Amino acid sequence: MRDEKTTGNRIIGTQCGWFGPPNVEGAARPPEPVSGACVEVSRGAHDNQIGELGGSPNVFADAAIGVHIAGRGTRKNEVRNARVDGNGVGIRVSADALETRLEGNTIVRGSGNGVEIVGASWSTAIVGNRIGIDAGDVPAEIALPNEGWGIDIAAPAKGVSGRTAEQNALLRNRITNHAGAAIAVENGANGGVPPPELSWAGARIVGRTCSQCEVQFHSDPADEAAALEGAAKADNGGTVVFTPSQAFRFRFITALATDPEGNSSALSAPLDTVPGPTPTATAVGPVVRG
5 MRDEKTTGNR IIGTQCGWFG PPNVEGAARP PEPVSGACVE VSRGAHDNQI
55 GELGGSPNVF ADAAIGVHIA GRGTRKNEVR NARVDGNGVG IRVSADALET
105 RLEGNTIVRG SGNGVEIVGA SWSTAIVGNR IGIDAGDVPA EIALPNEGWG
155 IDIAAPAKGV SGRTAEQNAL LRNRITNHAG AAIAVENGAN GGVPPPELSW
205 AGARIVGRTC SQCEVQFHSD PADEAAALEG AAKADNGGTV VFTPSQAFRF
255 RFITALATDP EGNSSALSAP LDTVPGPTPT ATAVGPVVRG
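For the sequence shown, this note's numbering gives the first residue as 5, with consecutive numbering after it.
Please note that the accuracy of each hint is not assured.
Derived DEER-like restraints, expressed as beta-carbon distance ranges [claimed, not checked]:
#1 I16 / G196: 37 to 45 angstroms
#2 A251 / I16: 37 to 45 angstroms
#3 A205 / R6: 48 to 56 angstroms
#4 R208 / G77: 40 to 48 angstroms
Derived by calculation from the structure, the hints in this document are not laboratory data.
As the structure is a computational prediction, the values presented were derived from the model and not from experiment.
C-beta: ideal position from N, C-alpha, C; glycine also.
All chains should be modelled from the sequences, with the hints used to inform the complete structure.
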């Protein structure tokens, strides 16, 4: 889909590339990897729908890029409910693409980053995806990490359109198992919104963040975002208070902030739910600090 007249198309229930079991002796040889992207939306293509929530999912696998959305004027394209498995980069939004929505996708086993937002692309909504984690409840049993970062949002020195990379919102995603950062926000992207700073105040978590920012709280076996635990809004002074309503799923708590313009931060440093020194971040049963 590669020009401004390419609009209103739907891709539902298709498969690109190979994500089956490893080749064994005597079995048919898997196809060669896709050298480019399974799907490219570029050069002003707009309002195209790649997948739908609740429908037959697309599979984009074993390609250099699973889905690539790129170019000035390329806008309002959606990638939903796809399995993006074993690619170089899972989904890349680049070169001034705007108003992209990535929702409900499973992005796993890539040799690079799960999601990249680069090249002055802006107003991307990344909502309810699983990145480095498959369907299920126990990350140790369903870990399918990407080898790079979970999400990388990077601003160029100067945006081609006068923008950098901004208004990229991260909402209700599950990100875990990565060797690198779960979320990297680089070069002043997203308005330079800093991660919250967390501390305990009795059984409550208090954070310092940006004024009127929405803060999502996650738990994880280490320092990522395996489970969403809840959200709270900061006051005008940037103080946010979170009172857990139930036991945390995992031992360590992280948080990210999204400002009123839709710019999300990286994750905070992890806050331990267990008092005392913690030489190693490991998964434990559900706990609430007393």
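For each hint, the structure was consulted:
Look at I16 against G196: about 39 angstroms separates their beta carbons, and that is inside 37 to 45 angstroms. Against the hinted window of 37 to 45 angstroms, the Cβ-Cβ separation of A251 and I16 comes to about 39 angstroms, which satisfies the hint. Taking the beta carbon of each, A205 and R6 are about 54 angstroms apart, inside 48 to 56 angstroms as hinted. Remark: the range hint 40 to 48 angstroms for R208 to G77 is upheld by a beta-carbon distance near 47 angstroms.
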